[in-house]
Amino acid sequence: MARVLYILMAIIQFSFAFHALRTGRGAKWIMIIILAPVVGCLAYYFIEVFPSSREERDLRKRIHDIAKALNPDGELKRRAEEAAVTASVDNRAALADECLEKGMFDEAIRLYEGCLEGPHANDPRVLFACARAYFYDGRHRQAEEILQRLAKAHPKFRREEARLLEARVLDGLGDTQRALAVYEDLRTHYVGFEAKYRYAALLKRLGDEAKANELFDLIAKNGRRSALESEQEWVKLARQERGVA
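Using the working numbering, you'd call the opening residue of the sequence shown number 15 and step up by one each time.
These are calculated hints, taken from the structure and not from any lab test. Remember, it's a predicted structure, so these values are computed and weren't measured experimentally. Accuracy of the hints is not assured; some may be wrong.
Said to hold, decoys possible - Across the chosen pairs, the derived CB separations fall in these ranges: (1) GLU115 with ASN236: 26 to 32 Å; (2) THR100 with ARG17: 31 to 37 Å; (3) ARG238 with LEU187: 31 to 37 Å; (4) VAL53 with GLY221: 58 to 64 Å.
C-beta: ideal position from N, C-alpha, C; glycine also.
Given these sequences and hints, build the entire structure.
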């Protein structure tokens with residue numbers, strides 16, 4: 015176990031040192047991270063790594079994924095213990111998030127719905143997460159109803175992501191024309207390739223291969239400029255659609 019923790023610390027240490035070097039934050043940070051791994055990494059994280067940056071979010075996700083791979087149920091257990099001790103909305107919603115990530119959709123829905131009461135009845139974060147849980151559970155009508163509540167109470171909350179989920183829900187309900195309309199609107203607003211790829215995939219399924227291929231080609235071409243790992247999934251799929259390695 016000690017060896018595993020040592021390897022994990024070394025990976026995190028290297029990630030932060032490489033990030034400091036690549037972003038030009040100076041040799042001072044690299045020395046701190048190398049000489050005092052735990053304190054240095056924590057200090058660098060809280061001082062230099064800003065939550066609003068997509069690049070930094072990608073870095074944190076990679077480190078988080080490494081930790082979860084070493085202990086896949088650790089976070090779920092921790093969240094369950096916290097909710098058992100203090101059944102606050104934040105703790106129950108965090109436990110629901112872990113259930114959703116684990117594919118435990120019924121449990122996630124039950125927890126989210128339990129949070130949507132009283133003063134938290136229209137909590138935007140919980141509404142959005144609850145809609146996702148219903149969608150992944152195949153309960154598209156309920157997902158649509160939750161998204162409508164979100165749009166009415168908080169129309170600007172994660173607007174593009176909520177609209178993308180709406181398009182997928184409408185497709186799941188068989189309302190492909192409304193889904194196409196939402197995707198067309200997202201085509202020029204959504205940051206990233208996911209909305210374009212899903213739009214193209216739906217167009218292809220409905221027989222409009224010319225327009226679908228135009229979008230696949232656009233993703234494949236522009237994908238060369240993106241260094242974000244999360245975007246490369248859609249680039250790879252688009253290239254496969256067009257038979258490009």
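Tested hints:
no.: 1; hint: GLU115 with ASN236: 26 to 32 Å; result: holds (29 Å)
no.: 2; hint: THR100 with ARG17: 31 to 37 Å; result: holds (35 Å)
no.: 3; hint: ARG238 with LEU187: 31 to 37 Å; result: holds (36 Å)
no.: 4; hint: VAL53 with GLY221: 58 to 64 Å; result: holds (60 Å)
Going down the numbered hints, you'll see the structure goes against none, and every one checks out.
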